[in-house]
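S.K.: Go by the hints and put chain S onto chain H.
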Amino acid sequence: MGKTLVEKVWAEHVVRSADNEPDLLFIDLHLVHEVSSPQAFDGLRLAGRKVSRPDLTLATEDHNVPTLNIDQPIADPVSRIQIETLRKNCEEFDIHLYPLGSREQGIVHVIGPELGLTQPGMTIVCGDSHTSTHGAFGAIAFGIGTSEVEHVLATQTLSQARLKTMAVNVTGVLSPGVTSKDLALALIAQTGTGGGQGFAVEYRGVAIEKMSMESRMTLCNMSIEWGAKVGLIAPDQRTFEYLKGKKFSPKREDWDRVVEHWKSLATDSDAVFDKEIVIDASLVTPFVTWGTNPSQGVALSSKVPMPEDFASVAEQIDATKALEYMDLTPGTPMREIEIDTVFIGSCTNSRIEDFRAAAEVIRGRKVAKNTRLLVVPGSVRVRLEAEAEGLDSIFVDAGGEWRGAGCSMCLGMNPDKLKPGERSASTSNRNFEGRQGKGGRTHLVSPLVAAATAVMGHLAAPTDLPSEVRG
Amino acid sequence: MEKFTTHAGLAVPMRISNIDTDQIISSAHLKRITRTGFEDALFEEWRKDPEFILNNPQYSTASILIAGANFGIGSSREHAVWALMDYGFKVVISSRFGDIFRGNSGKAGLLTAQVEQDLVDRLWSAVEAEPALTVSVDLEARMIRCGTLSVPFQIDDYTRWRFLEGLDDIGITLSHRDEIANFAKSRHDWMPRIN
Chain H
1 MGKTLVEKVW
11 AEHVVRSADN
21 EPDLLFIDLH
31 LVHEVSSPQA
41 FDGLRLAGRK
51 VSRPDLTLAT
61 EDHNVPTLNI
71 DQPIADPVSR
81 IQIETLRKNC
91 EEFDIHLYPL
101 GSREQGIVHV
111 IGPELGLTQP
121 GMTIVCGDSH
131 TSTHGAFGAI
141 AFGIGTSEVE
151 HVLATQTLSQ
161 ARLKTMAVNV
171 TGVLSPGVTS
181 KDLALALIAQ
191 TGTGGGQGFA
201 VEYRGVAIEK
211 MSMESRMTLC
221 NMSIEWGAKV
231 GLIAPDQRTF
241 EYLKGKKFSP
251 KREDWDRVVE
261 HWKSLATDSD
271 AVFDKEIVID
281 ASLVTPFVTW
291 GTNPSQGVAL
301 SSKVPMPEDF
311 ASVAEQIDAT
321 KALEYMDLTP
331 GTPMREIEID
341 TVFIGSCTNS
351 RIEDFRAAAE
361 VIRGRKVAKN
371 TRLLVVPGSV
381 RVRLEAEAEG
391 LDSIFVDAGG
401 EWRGAGCSMC
411 LGMNPDKLKP
421 GERSASTSNR
431 NFEGRQGKGG
441 RTHLVSPLVA
451 AATAVMGHLA
461 APTDLPSEVR
471 G
Chain S
1 MEKFTTHAGL
11 AVPMRISNID
21 TDQIISSAHL
31 KRITRTGFED
41 ALFEEWRKDP
51 EFILNNPQYS
61 TASILIAGAN
71 FGIGSSREHA
81 VWALMDYGFK
91 VVISSRFGDI
101 FRGNSGKAGL
111 LTAQVEQDLV
121 DRLWSAVEAE
131 PALTVSVDLE
141 ARMIRCGTLS
151 VPFQIDDYTR
161 WRFLEGLDDI
171 GITLSHRDEI
181 ANFAKSRHDW
191 MPRIN
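Chains as they are written, first to last, in this note's numbering: chain H, 1 to 471; chain S, 1 to 195.
Be aware that one or more of the hints could be misleading.
Said to hold, decoys possible - Below are the DSS-like pairs computed for lysine-lysine, each with C-alpha atoms no more than 27 Å apart in a straight line:
1) K369/H to K438/H
2) K244/H to K185/S
3) K263/H to K251/H
4) K210/H to K247/H
5) K185/S to K3/H
6) K3/S to K90/S
7) K8/H to K251/H
8) K263/H to K3/H
9) K419/H to K303/H
10) K48/S to K419/H
11) K185/S to K263/H
12) K263/H to K246/H
13) K275/H to K263/H
14) K185/S to K247/H
15) K275/H to K3/H
16) K321/H to K303/H
17) K246/H to K210/H
18) K303/H to K369/H
19) K48/S to K321/H
20) K263/H to K164/H
21) K438/H to K48/S
22) K244/H to K263/H
23) K8/H to K275/H
24) K263/H to K247/H
25) K419/H to K438/H
26) K8/H to K164/H
27) K366/H to K419/H
28) K185/S to K246/H
29) K185/S to K251/H
30) K185/S to K8/H
31) K8/H to K246/H
32) K50/H to K185/S
33) K3/H to K164/H
Unchecked claim - Here are some chain S residues the structure puts well away from chain H; computed CB gaps all over 10 Å:
34) A8
35) L10
36) D40
37) M143
38) E165
What the hints contain is simulated information worked out from the structure, not anything from laboratory work. All residues carry an ideal CB built from backbone N, CA and C; glycine is no exception.
Next up, chain H with everything else stripped away, as it sits in the complex (with noise of 0.2 Å):
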């Protein structure tokens, strides 16, 4: 019998196998921030421990890190003392750093894979859930605790009980205007917040593979919200184009026969996954959250439901009680729902593609009088592409806010928050209560529907645009 994708990655980074005990799996790359890591340090000098493997293990600054005046000292003091300690773990233990304001600073998961250390084959971890984002490649990717970053500091390897595996058999292709964002967002409200719990899942089918590198980072980084901790999709041409050339990527001499073990990870075509799902693409439209976690979603053309619509009791108090939080009435065109502040940015929507879409959209026309605009790229490398392509004076010429890199307003620990009561229309990847600051009503989107919404002022698509308003 074949294996899968997950198999052949996971065999190849077995370090120690036994009876009742986890694997113990080698860990290519270990991705490090400011937030998860000062704890692991401590542990580590209480211990009187090294890191292990220093030119392993990279770091950068992105959860807490402001947008605005990045040339100044962080007013936040906490902020700072936290961005301090690790600039002094780092140096103290001879990690790699890009702090602020390096040119190849900004969010882990697009970092990543913008120099090339993010790779077909390998496994990556940090202490971030969304690291499943580099799944897209075809590595084992996913978020783990300070208690598994000490571990990682200290041995370069992970003990890991073995995942299930499971495919998502993509059907059908994507209809336009109908991005990989609304793919998972339908997805998810599919299967509900923990239908993933336990497996590792690989994407699968046409519309996968007609998927750009970015798309399929955006559709592998929402796997963790309805529970699978790793997500990923077979590497093929599209991923080694991406790679050809990388900072980081397989030296020109090695090229050749680094593909060709790239190719051979593709799961076999006699391979059984433990389970198996199936997603017409065809059928997804535009899709966006009512409520106050990923799987509470509707296609933007739909309402906001009824508890009773629900099939369990518990199913329905989620609801009523996302239903009070988000201050909606069921029966609400998603449509008529005012929206306070637009964020275009994250781990899963802040890559040169995502300020295309949003770009195309917005060019010549203005944000709505009573909604802000916030455009955060993930990235140095991304904003000063999106720079050179003039994307930033569409979006400012628009009304809008264009920022330095961050995770910014996706969880709310820098100064860009919502106020209580504010509501956001988000191209981020949660809605939790409170995720985008106290009291704060997140509404997940795609970068399109992001977009149509700054203009229109309440949740939108881009073909509700009146084509009079461009200039």
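M.R.: Only chain S this time, still in chain H's reference frame:
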């Protein structure tokens, strides 16, 4: 890590599913660089509601949390585990846990006992009817006992063994230092290195 064999205490019924780690501890508290002192941050927003179950004085000394399905979904922040432990919880019972949260709990010393949902319902009813009921969690037997109820729970063998022995994960791995070094020599030579 301290050894864990059996824990007995009061249990608080939290009939809420999909409790994400942002609710357990909000990002505002993740800027701290210490590992302790998070007890006041636990469920900080929900605790502002006088009706919230943790504000019920009958459950004020509870050390076992019985939660709805999909407990600990979302962010990988281990601070969520630390906050639960700092508050005094030793055990969380749910029919399904977020994978990363469960892993973090296993490293930090918080026992996550997975129980079938219909049995979670029975535990909820029992401790709601009698909040002073002592609930005991027997890790050796993988059994929760509460009044006349005996409810089996799942936990993987390895985590159970480490809890019973009180073993530090890193120490165990470092005993395989030679195997790791040998493995590292056989890695593909093209794999990226930072320095």
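S.K.: Are the hints correct? Go through all of them and say.
M.R.: Verification of the supplied hints:
1. K369/H to K438/H: OK: K369/H and K438/H at ~24 Å, within 27 Å.
2. K244/H to K185/S: 26 Å, holds
3. K263/H to K251/H: 17 Å, holds
4. K210/H to K247/H: 25 Å, holds
5. K185/S to K3/H: At roughly 25 Å apart (the allowed maximum being 27 Å), K3/H and K185/S satisfy the hint.
6. K3/S to K90/S: Given pair K3/S, K90/S holds - Cα atoms ~12 Å apart, limit 27 Å.
7. K8/H to K251/H: 24 Å, holds
8. K263/H to K3/H: 14 Å, holds
9. K419/H to K303/H: OK: K419/H and K303/H at ~25 Å, within 27 Å.
10. K48/S to K419/H: 18 Å, holds
11. K185/S to K263/H: Holds. K185/S to K263/H sits at ~23 Å (cutoff 27 Å).
12. K263/H to K246/H: Holds, at roughly 19 Å.
13. K275/H to K263/H: 24 Å, holds
14. K185/S to K247/H: Answer holds: K185/S to K247/H is near 24 Å, not above 27 Å.
15. K275/H to K3/H: Given that 27 Å is the threshold and the Cα spacing comes to 14 Å, the pair holds.
16. K321/H to K303/H: Between K321/H and K303/H the Cα gap is close to 17 Å, so the pair holds against 27 Å.
17. K246/H to K210/H: 22 Å, holds
18. K303/H to K369/H: Given pair K303/H, K369/H holds - Cα atoms ~25 Å apart, limit 27 Å.
19. K48/S to K321/H: 16 Å, holds
20. K263/H to K164/H: 23 Å, holds
21. K438/H to K48/S: 12 Å, holds
22. K244/H to K263/H: Within the cut-off at roughly 15 Å; holds.
23. K8/H to K275/H: Given that 27 Å is the threshold and the Cα spacing comes to 17 Å, the pair holds.
24. K263/H to K247/H: Within the cut-off at roughly 21 Å; holds.
25. K419/H to K438/H: 7 Å, holds
26. K8/H to K164/H: 13 Å, holds
27. K366/H to K419/H: 23 Å, holds
28. K185/S to K246/H: 25 Å, holds
29. K185/S to K251/H: 20 Å, holds
30. K185/S to K8/H: Roughly 19 Å between the alpha carbons, so the hint for K185/S and K8/H holds.
31. K8/H to K246/H: Holds - the C-alpha atoms of K246/H and K8/H are around 25 Å apart, at most 27 Å.
32. K50/H to K185/S: 20 Å, holds
33. K3/H to K164/H: Judged against 27 Å, a Cα distance of about 13 Å means the pair holds.
34. A8: 26 Å, holds
35. L10: 24 Å, holds
36. D40: 15 Å, holds
37. M143: Label holds. Min Cβ-Cβ 20 Å, cutoff 10 Å.
38. E165: Since the minimum Cβ distance to chain H is about 13 Å, E165/S lies beyond 10 Å and the statement holds.
Taken one by one, the earlier hints all hold for this structure without exception.
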